[in-house]
Amino acid sequence: MATAALAKDQDWAELVRRIHEKQDRQAFTALFRHFAPRVKAFLMKSGAGETLAEEVAQEAMATLWHKAHMFDPSRASVSTWVFTIARNRKIDALRRQRRPEPEELPWGPEAEPDQADAMTLRQESEKLAEAVAKLPDKQRALIEKAYFGDLSHSEIAAETGLPLGTIKSRIRLALERLRHAMG
Amino acid sequence: MDRIEHHLTDELLMAYASGNLPEAFNVVVATHISLCDECRARLGAFEAIGGALIDEDASVTLSEDALAATLALIDATPEAPAEIRHKLGSVFPAPLQDYAGADLDDVKWRAIGGGVKQAVLQTSDDATVRLLSIPGGAAMPDHGHNGMELTLVLKGAFRDEDGRFARGDIEIADEDLHHTPVAEHGEDCICLAATDAPLRFRGLLPRMAQPFVGI
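These protein sequences, in sequence, are chains S and G. Just so we're aligned: the first sequence equals residues 73 to 255 in this note's numbering. Just so we're aligned: the second sequence equals residues 2 to 216 in this note's numbering.
Hints in this document: simulated from the structure, not taken from any laboratory. Positions of the beta carbon are idealized from the N, C-alpha and C atoms, including for glycine. Take these hints with a grain of salt, some might be off.
A short, non-exhaustive set of chain S residues, derived as facing chain G with CB atoms under 7 Å [what the hints assert, rightly or not]: (1) Q130; (2) W137; (3) F143; (4) D144; (5) S149; (6) F155; (7) I163; (8) D164; (9) Q169; (10) K217; (11) T238.
Derived pair list, reagent style DSBU-like, types lysine-lysine, alpha-carbon separation capped at 35 Å [unchecked claim]: (12) S/K94 - S/K210; (13) S/K240 - S/K206; (14) S/K139 - S/K94; (15) S/K240 - G/K156; (16) S/K94 - G/K88; (17) S/K210 - S/K240; (18) S/K217 - S/K94; (19) S/K94 - S/K199; (20) S/K139 - G/K118.
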């Protein structure tokens, strides 16, 4: 299963490259079928109604097309890159705020992403996905709320009725597990 | 790159990665990460968790014409918008330039007493962020916090109960910390400070001035 999923993200990266180099609509269609429903689900969990979530998911996928040249497989998996695009569209469309992003790192000597780095990153992303899937339910639920619920830790405390200390320690435990899995 | 001793917490990095911080805090976090390779790498890990989470939920479907509508959207906007150009070698990293201007000379300072100057930046109103200029050797008014305060040093340095803070260092203060930052002797200390609640000053005079200066 791990190998199949690994091959998958490699394929996604190849499809993004084909959009960049050949404006390949078939490649885009495959990416769209996989990622657009996931982006829409993320937006609905963040509080968007179905119509708005659909609209913003389409905008996010159009952004993926336009920014295909920015994707660097040695720095992020396609899933992670799509997540950051969806997150920024969410802030823009749902909150009507600008999103300040860190300064881009200056270009290194080679403009081409390093193949070995890209391979390492893919393997680590796969390991992380497995570790996230294996988190105990209670920890996982809180991590999801922290990411998708648009809530601060204190707001999660108010919503779940759990003490703030419990929330902070469960999230800390979850992060320790993920770090251990990645170590 | 400067040696940075004071970093972001996991909680702040996770909230920034997931897009759940007020805009004013995002400005400070993005500016710190622009200066700090360590926090940039940690942010990458938190964004990767977001990628793993988003990839798992395939429970929602799109409308039948969604793909056609998206391709039409792509055709309607054939070019990505041009990237904004930022000044190289500025005291302000790129994300801060978008809010404060290209460099220190572009800031519209307002004096708030004791030689201290501030400039409030335009963000959403759930929190506020300002640039502060504190003369070398001067103290910020003694204050506590109702909520969280982030203070990032851009130039010069200050010291308080938690240690020394120089360019790139970030101090994270909450209700429990009453601190009195004092700028080191020499050049002015320029900081970027965000709060999600008004600061509480302990002296009488700063409190009277508070509604007027907008701290």
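*Any hints from earlier that this structure breaks? Give me their numbers in increasing order, please.*
As far as the earlier hints go, 3, 4, 8, 10, 11, 12, 18 and 20 are violated by this structure, in ascending order.
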